[in-house]
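We have chain A already, so just place chain B on it with the hints.
Chains as they are written, first to last, in this note's numbering: chain A, 1 to 579; chain B, 1 to 586.
Hints were generated in silico from the structure; no laboratory data involved. Ideal placement from N, C-alpha and C gives every residue a C-beta, glycine not left out. Keep in mind that a hint or two might mislead.
Stated by the list, open to error - Partner residues are not named here, just some residues of chain B that face chain A (Cβ under 8 Å, in silico): (1) W101; (2) E221; (3) E243; (4) I269; (5) N280; (6) L385; (7) Q386; (8) Y389; (9) D431; (10) G471; (11) M472; (12) G480; (13) L574.
Here is how the chains run, residue by residue.
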Amino acid sequence: METNAIFRKNYGSFRRFFSMLGKADLPYLWIIGYLAASAVIANVGVSTTEYSAALFAGNVGLTAVVLPYLFYQILSLILGSVTGLINNLCEARMDRNLRRMVWRKTVSLPLVFYENNNPKELLSRITTDISSISNLVMKVFLPIFTTAYASFVILRKVSSYDGALMWSLVAALPVNILISFILGRLQFGVQDLINRRNAELTASVAERTNNLMLIKSMGTEAKEAGVGEERMKASYRAAGMNIWITGLAVPVQAIAGVLQTIVIILVGRGYYASGALSLTEWIAYYGFAVQLTNILSGYCGYWTSFKRAQGAVDRVSQIMAERSEDLGAGDAMGYPAGGIHFEKVDFSFGSKPLFQGLDLDIPAGRITAVVGPSGSGKTTLLNLIDRLYPLDGGSVQIGGKDTAEYSLSSFRRALGYVTQESVMYAGTIRDNLLHGLGRVPSDEELDEACAAVGILDYVRRQPMGYDAPVGESGASLSGGQRQRFSVARALLKKPDCLLLDEATAAMDIGGKAGVWASIRQVMAGKTVVYVAHDAQTIRNADYLIVLRDGKVQSAGEREDVLASDPYCREMMENRKEER
Amino acid sequence: MKNKEQQKGKFSFRSYITFYTRFPIPWGLFIASLVFSLINTEVFLAISKYVIQINKGELYNGVIIGYALLTVLNAAISMGSNICSEYGIQKVTLRARKLLWDKILHLPMREVERRQPSSLISGVVNDITEASSVIRVIFSTVASIYGFIRCCVEMARFNAKLSAYMLLLVPLAIGVFALVGQLQYRMMLRRYESLNTMTEFFSEHISAAKHVKAQAMEDLEMEEGLRAIDERYRADVYYAFMEVLQVFSNTLYTSIGSIAIALFGSDMIRKGQMPDTGINDFTTYKGRVDQYQAEVLTHYQTLKGTQGAMQYVGVLLDGPEEDPDAGYDLPEDRTGQDIILDRVSFGYVPQQPVLHDLSLTIPAGKTTAIIGNNGCGKSTLLKLLQGVYPPDSGRVWLGRSAVDEVKLAQLRRRFGCVLQHNPLFSGSVRDNIAYGGTEAVSDEAVAGAARLADADGFIRQLPQGYDSDVGMGGALLSGGQRQRVAIARTLLSDPDYLLMDEAGASLDHKSDMTIFRTVREHMKGRTIVVVAHDMRSVMEADHIIVLNSGSLEAAGTHEELLKASPTYRTYLELQGCALAGEEVSR
Chain A
1 METNAIFRKN YGSFRRFFSM LGKADLPYLW IIGYLAASAV IANVGVSTTE
51 YSAALFAGNV GLTAVVLPYL FYQILSLILG SVTGLINNLC EARMDRNLRR
101 MVWRKTVSLP LVFYENNNPK ELLSRITTDI SSISNLVMKV FLPIFTTAYA
151 SFVILRKVSS YDGALMWSLV AALPVNILIS FILGRLQFGV QDLINRRNAE
201 LTASVAERTN NLMLIKSMGT EAKEAGVGEE RMKASYRAAG MNIWITGLAV
251 PVQAIAGVLQ TIVIILVGRG YYASGALSLT EWIAYYGFAV QLTNILSGYC
301 GYWTSFKRAQ GAVDRVSQIM AERSEDLGAG DAMGYPAGGI HFEKVDFSFG
351 SKPLFQGLDL DIPAGRITAV VGPSGSGKTT LLNLIDRLYP LDGGSVQIGG
401 KDTAEYSLSS FRRALGYVTQ ESVMYAGTIR DNLLHGLGRV PSDEELDEAC
451 AAVGILDYVR RQPMGYDAPV GESGASLSGG QRQRFSVARA LLKKPDCLLL
501 DEATAAMDIG GKAGVWASIR QVMAGKTVVY VAHDAQTIRN ADYLIVLRDG
551 KVQSAGERED VLASDPYCRE MMENRKEER
Chain B
1 MKNKEQQKGK FSFRSYITFY TRFPIPWGLF IASLVFSLIN TEVFLAISKY
51 VIQINKGELY NGVIIGYALL TVLNAAISMG SNICSEYGIQ KVTLRARKLL
101 WDKILHLPMR EVERRQPSSL ISGVVNDITE ASSVIRVIFS TVASIYGFIR
151 CCVEMARFNA KLSAYMLLLV PLAIGVFALV GQLQYRMMLR RYESLNTMTE
201 FFSEHISAAK HVKAQAMEDL EMEEGLRAID ERYRADVYYA FMEVLQVFSN
251 TLYTSIGSIA IALFGSDMIR KGQMPDTGIN DFTTYKGRVD QYQAEVLTHY
301 QTLKGTQGAM QYVGVLLDGP EEDPDAGYDL PEDRTGQDII LDRVSFGYVP
351 QQPVLHDLSL TIPAGKTTAI IGNNGCGKST LLKLLQGVYP PDSGRVWLGR
401 SAVDEVKLAQ LRRRFGCVLQ HNPLFSGSVR DNIAYGGTEA VSDEAVAGAA
451 RLADADGFIR QLPQGYDSDV GMGGALLSGG QRQRVAIART LLSDPDYLLM
501 DEAGASLDHK SDMTIFRTVR EHMKGRTIVV VAHDMRSVME ADHIIVLNSG
551 SLEAAGTHEE LLKASPTYRT YLELQGCALA GEEVSR
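Just chain A, with the same shape it has in the complex:
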């Protein structure tokens, strides 16, 4: 039962693997070229071995042996390099094509997919997993053919000396192969343990090194030295185990090799003694037998990379099986005119319902704030307006028309959305402001946008101005600065409807006031919806919606709600007086 289940699982992953390769647009011509070149090499190798055997045996006729030997030496040198090149290029192309395939798929997946998967893991899908899959194809699958053909060519040659000799050689081969296979598995297990221990060490060191400030302020240096030492010792112990296994593998392999050699020699000795083999043929036979053993046990060693790549194959083929979003289907969205209306909207995260029959109105052409305690569904509300999640029931309408009728891409483009994580990419300030804009504004327009969010002074202070690099993910900027650039980027797009999710949370008091004044000016007459949690920001709204546990607790003109809603009153109350 148990084994059966495992078997089925393996079978399933094989099928997924091949169906994934089917989609991948593999470099078939290159693969064929590689296989062909390998076949030629196998034949040249046989001739090289025969002529060098003749040389070894003392047949030194210049034209009969020496010159052909030289010819084959040079030929195999050139062919070997060519095959190596084709092999490398083939792997590089395979890497590229698989990566393109996964990236195309990943980009088209809905937001939920990204939320359910760790970004670091998704990253390794595209980088390391792809490499191990191409490696699997090049080192395990294609060599099935090349190894089989090379063995065939060698055995054919040996059988041309004597058919029975060939068969006894075939009979002797499995011993060594079996042993390499077992050793390969064993070493794979230990290597896995070492990798796990090292990963633990790295994780533990990274967690602490990134937070040295905490250790210093807690004064726990000595304690952490101890914790680190334990991890290091665990790594050391795993390495120790590997030392013994790798160490013992050497004599075990040697014994297996020697046994095999003895069998090979004993088999050949009879034929040689009886004169069925000449000295040259004996030397060639012996050379072939050694080569054959090396080819086959080498191949078995690679089987461990199948084990290693299996996880990668599973993960990548799972991504390929995900459902993409259809961005193009539906009407083109022009100008999002009119108010936003939620009609009996149901939405849940997995089995946890958030909105049940939510009815809600957001007035057109005004600034609306959505407030409420954490977990009340504020961000989700914005995501639903921008159609980042599919609804479970009900509809969201703009100007009376169901938003589901518009195509996703035209709809999302018509709305501006500044998300909570102010996104910056490695590149210059200009690159970031222009990202996804689709037009190249003049420096004056950029100045205007930056002035509106109060960051123009900062840009001016940079020696390279707009061409100053911001570092990976904007690392050289503070949180407040990143938010300012994000808002500036959204304003440059001149959206007709703007959604902001805590877009000014990291700004200082003066900064917030300035940015909101600008938003009011630039977005005059257009719809703005924003999520906020501090008293200052809420005061910039015309209209207020208070959410609690997925329900509308209050909605109305700002002053009315501020005065009547208990949540708002508590937030606005003056504590100085209360004391």
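Just chain B now, kept in the frame of chain A:
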């Protein structure tokens, strides 16, 4: 790796020698390994004799048995040699790693920020492994050189004239080696850079998925991603050609050797200067010589490759460190010590001071709030108080003790710190709350601190209560939960001075207020310093400091500042507190 490339300087033995004097080296293991290797050279040569005989068709039982026994013996000895040297390496790695980790834990924060945590991490994980392997490489090089000489002697003994021809190939070997080394360096660099660029691109863009989706920028995203992939592909193609060139040069060298043997050897056989099967003998010896020669050259490459890692580790170990127990004792008296800044200036970059000639007093036993714009130096100020950064000029005093002269460990224990985002370490909730405790902390104390921080309730609802795992960096908890655990952790460490830097920003408004009040209640009579953007919290403070671009704009009570500080008044107005303020001032 990055550092390695940057620091590809000249080869200095000094850095190697200093590195290996820092900790005990298991000499016995390395010497044993060397002795095994030297013995094995002889076994190896003896095996060669049998191989030659087998190749000549001299298939006597004695030959077969001798070959078999020696091959097994050779394997057993090399096992011994490998195990000894590997254990040596692992011991060295462990010792060096401990040393480096201890050093990193004691690095001054400025050093940590300058060097980047990621490079420190790879220092402990990767660079140290490379640096430790050097000693084995040196021992192996000795063994390989011995083997090379021994085999050369044997080869010359068999046929001196042909061996002399082989000597002519030595310049070729060196040329090929130099070329291969150059290619290797360029290939690895290009490959490393392209991998880095691609990883950076995808790591940035995958985390920004929501931004991309929200603007429907999939097309642009796709295009840029494909460009990043193609960039990597071009590097792979370059690598493909270079690697083949490398292999070609290496094979060319051995092929030229074989061809030379075939030409000269066959000639000598025809002239009767060498026995008929002499090419067999000679090729076997030549093979051994090549093998040892390759070993020597590889070792040299490896040694050169470790140069960067060695330098990085060496510079780090030689660099400055904090001694938590150096200096005067802080007075035992735990109350009533004002914090005084006396003309303090500080900047992260020369000529760009963050704090400028700042003098102020934070009164003991009271709550002080610090306000000001982004980048005015509030958070930097808090770090100066704990002696995390030394001021460029001026001094910070704790009563009559200068912060730079007292024992750092004692000083920092007096301070507790809660920031906007507080890291947790993977482990149980309980371990995290009890983190700062020097000896075992009772369950009651942990639960008590959790109650103060309003964390007890949610912790009890976790599947395993206080034993629940918080995940890497606390990832399994929500932002608000992490914050509460962090506050409990700080309260349990029982500080005299509590520093709170935007501690409430990730809590919702109501919990922020509740916790803030409980904490103040608990810390009654002790000193609290709060950095906040929420003026309602600020108004509650006993003393308020307004910073403006690293200088003191005003300090005093709420009432005093209403009169003295225009910035303060503006802030109150912007947050809708002006009305209350006017009432008070009236």
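Please verify that hint: Q386 (chain B), Cβ, nearest Cβ of chain A, below 8 Å or not. Nearest chain A Cβ about 6 Å off; hint holds.
Is the interface hint satisfied for M472 (chain B)? The criterion is a beta-carbon contact with chain A at less than 8 Å. With Cβ-Cβ at 6 Å, under 8 Å, it holds.
With a cut-off of 8 Å on the beta carbons, see whether G471 (chain B) makes it to chain A. Since the shortest Cβ distance to chain A is 11 Å, the answer is violated.
Under the criterion of a CB-CB separation shorter than 8 Å, is Y389 (chain B) in contact with chain A as hinted? Status violated, d = 11 Å.
Is the interface hint satisfied for G480 (chain B)? The criterion is a beta-carbon contact with chain A at less than 8 Å. Holds. Min distance 6 Å.
Take the shortest C-beta to C-beta distance between N280 (chain B) and chain A; is it under 8 Å? holds, 4 Å
How about D431 (chain B): closest beta carbon in chain A under 8 Å, or not? Violated. Min distance 11 Å.
Minimum beta-carbon distance criterion (8 Å), L574 (chain B) to chain A: holds, 5 Å
With chain A as the partner, please determine if E221 (chain B) meets the hint condition of a C-beta pair closer than 8 Å. At about 5 Å, which falls below the 8 Å cut-off, the nearest Cβ of chain A leaves the hint on E221 (chain B) intact, so it holds.
I269 (chain B) was flagged as interface toward chain A. Is the shortest Cβ-Cβ separation under 8 Å? holds, 5 Å
Should the interface hint for E243 (chain B) be scored as holding, given a Cβ-Cβ cut-off of 8 Å against chain A? holds, 6 Å
Proposed interface contact between L385 (chain B) and chain A, which counts if any beta carbon pair is under 8 Å: With a minimum Cβ separation of about 10 Å from chain A (threshold 8 Å), the hint on L385 (chain B) is violated.
Going through the hint list in order, the structure does not satisfy hints 6, 8, 9, 10.
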